[in-house]
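Number of protein chains: 2
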Amino acid sequence: MSSSKATPVSPLAPAIYPDLPAVRGVGLATAQACIRYSGRTDVLYVALAEGTVAAGVFTRSKCPSAPVDWCRDALHGGSARALVVNSGNANAFTGLRGRESVARTAEIAARAAGCEAGQVFIASTGVIGEPLDAGKFEGVLADCAGRVDPGADAWAAAAQAIMTTDTFPKRATRNVRIGDTSVTINGIAKGAGMIAPDMATMLAFVFTDAALPQAVLQDVLVAGTAKSFNCVTVDGDTSTSDTLLLFATGRAGNDPVNEAVDPRLAAFREALDDLLIELAQLVARDGEGARKFVTVEVEGAEGDASAHRIAMSIANSPLVKTAIAGEDANWGRVVMAVGKAGEPADRDRLAIWFGDVRVAREGARDPDYSEAAASAVMREPKVTVRVDLGLSSGRARVWTCDLTSGYIAINGDYRS
Amino acid sequence: MSSSKATPVSPLAPAIYPDLPAVRGVGLATAQACIRYSGRTDVLYVALAEGTVAAGVFTRSKCPSAPVDWCRDALHGGSARALVVNSGNANAFTGLRGRESVARTAEIAARAAGCEAGQVFIASTGVIGEPLDAGKFEGVLADCAGRVDPGADAWAAAAQAIMTTDTFPKRATRNVRIGDTSVTINGIAKGAGMIAPDMATMLAFVFTDAALPQAVLQDVLVAGTAKSFNCVTVDGDTSTSDTLLLFATGRAGNDPVNEAVDPRLAAFREALDDLLIELAQLVARDGEGARKFVTVEVEGAEGDASAHRIAMSIANSPLVKTAIAGEDANWGRVVMAVGKAGEPADRDRLAIWFGDVRVAREGARDPDYSEAAASAVMREPKVTVRVDLGLSSGRARVWTCDLTSGYIAINGDYRS
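These protein sequences, in sequence, are chains A and B.
Residue numbers for the first sequence follow our numbering, beginning at 1 and rising by one.
Residue numbers for the second sequence follow our numbering, beginning at 1001 and rising by one.
Among the hints, a few may not be true.
[To be verified] To be clear about the criterion: a stretch of chain B counts as covered by chain A if any three or more of its residues have a C-beta under 8 Å from a C-beta of chain A, and this derived list gives those stretches:
hint	stretch
1	1048-1062
2	1124-1132
3	1318-1329
4	1338-1344
5	1347-1361
If you are wondering where the hints come from, they were derived from the structure by calculation, not from laboratory data.
The beta carbon of each residue, even a glycine, is placed where N, CA and C say it ideally should be.
Isolated chain A (complex conformation):
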């Protein structure tokens, strides 16, 4: 998590990075505050137009970072005017000093933005346990506030500034209608290790010019998170800092939508879900040391929640992940991971596929299984593992990556 040494870009990085259009009411600036890294940007400042509403979901860790506590409180107000993100230091497990540091950062940002401290949202990512010197933001945030920019380059710089062990920036955009009004949704994310199902990537920020009340915004965000960030895992380790914030500036001027069940929201929900899935998948594609992007599909479970737990048991199994790294269609390890999930399963009804190749059925190896065909599937950079439990109609889909010696090298190489 703390390394700043150059790591090659993940082989699973997207071929094309989208240019993000402007979102009315959002301006961005980045800066070098030398919080931990030198020679690169490590601060993102986002100015949000008056009237911006915020929604958020956070880590379920019992030991959350000081910024997570701050954002949870700030959400009670519901109004947002500025977002400050730093990379290099997570300000997590820093005790009273951590809380003071967040409060001071908010004050500095509030002065720069001309707003209340409670309208400032803060996220930090990087090393845990090191005090974060908020004094480093003094001057920097005011400077940022003076040069915020709504353009594509500013969005690209924003995605870059929040990276830690990420090997590529993560950004996505959607355009959709609410009623007759066109609205934009932009998102950026960061995260590569310490990614687990209990919530988002470490950090993701989504901005829209839609006009939506906070209760509605929170509803669509929670629903979208369940289908996206809560379905991605790299190593099963849940961060103390996981933060997903959604800001709506209202500047698109769409007709008021006051109920979460309003049918005019259907397209917006779909576009948001889609964008969140894209960002979540980008996180799995940048999993530390990843060489394979893995989709795990479980069907025929007792229920959807049961299917999800089984899918996560498969996606988090070191033996399954190392087998995929080794391009080994080792379905025995998939059986093991199904068995250990503790969910209803009947060994003698299980069927397992790698890609389109059914390797097992009715509790034994598929007699028609071709090792050559399975090997061809395993050599691809994208691998799908599918399990049919044959019990009922519960289903789930999660995304992960393989476990390679690259993960060990990034997280645990012997210090020289």
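Position chain B against the provided structure of chain A, taking the given hints into account.
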């Protein structure tokens, strides 16, 4: 799991392997049945004297192997005359053919032992999903039965024959009194990967000449398992084959002990617990790729069960395990693992030690913490991580190993 290539002996292997004394009523023989390996023994046959009583605990996997199902049934009878163990093939997820294979193995063994098939216990370890040809036992088991031996060399050969990816054989012995009578307890185990808290190592077999009724034997075994094999994890992956069997031949001729609470059992329980802990620790010491033996101690939790779950969350965290591999006193990752366990914890009361070095207290870095002292602790082959939650008096202790590129190499190297 399937490799038979030579792996160097774990640096954590014991310096001395004990010679196991005879256990009255137990004779052992090994053989080469070429089930998967060639040039090594892969079958263990144990003859048990008439009147031998069996107890057992098994994997909690919902997809257990065919031999596990067989042993669970055989325990209902409670009488044991023979144990057959093979390495190389786990006979797991082999459907109807797997069940037939176990039944035929039991018949062959019963003929060799001159007993009922229901008095034969069977365990298999190795690759999952491959049909096991029980015909390979034909002739082999009868030959074994004709040359069983009670001596130390036979015990050493037994521990060797059941190995798969193990880099060293695992055996232990204790001598203890029940009343005025001296009884012996011998144990052998195997396991290196796919080791997780839901039960034992993959396979462990314990033999005693004590005379104990089955209910008492089962009681002492279950109690001992909770303190030993259920406190060890290598990779959090629970095997489909985990089996721990305890056989009591009764040939020591101790006074009858009919109640599990009989105080004359105290020394026996203590010796058995101690032997089971020794075997469980040997498994962690032979964790695939392990270079550090890690003890995780949690205290101050809401209760013992809560402490156990937190300890397991730490012991199974890839980020904690890679940090230990890297000799990095990264207590931030310990905080993360405490937080993700989902158990009651208060960030601001946490204290963390590596060895005797307190690195964090009251939710922040210990101001007296010496990086040099912590680094010295981390360079040792044995590392203890201690966490005090500061809430109540719940405590737990578990054992694991670090996560190195050796684990990846054993389980996932790209197939060439």
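Right, here's what the structure says about each hint:
1. As drawn, the stretch 1048-1062 of chain B meets chain A at 4 residues by the rule of a beta-carbon pair under 8 Å; at three or more, the given contact holds.
2. Counting residues of the stretch 1124-1132 of chain B whose CB lies closer than 8 Å to any CB of chain A gives 5, so the stated coverage by that chain holds, three being the minimum.
3. Using a Cβ-Cβ cut-off of 8 Å, 10 residues of the stretch 1318-1329 of chain B lie near chain A, which meets the minimum of three, so the contact claim holds.
4. Check result for the stretch 1338-1344 of chain B against chain A: holds, 7 residues qualifying (beta carbon to beta carbon below 8 Å, three or more required).
5. Only residues whose beta carbon comes within less than 8 Å of a beta carbon in chain A count, and the stretch 1347-1361 of chain B has 4; three or more means the coverage holds.
Every hint from the earlier list agrees with this structure, and none is contradicted.
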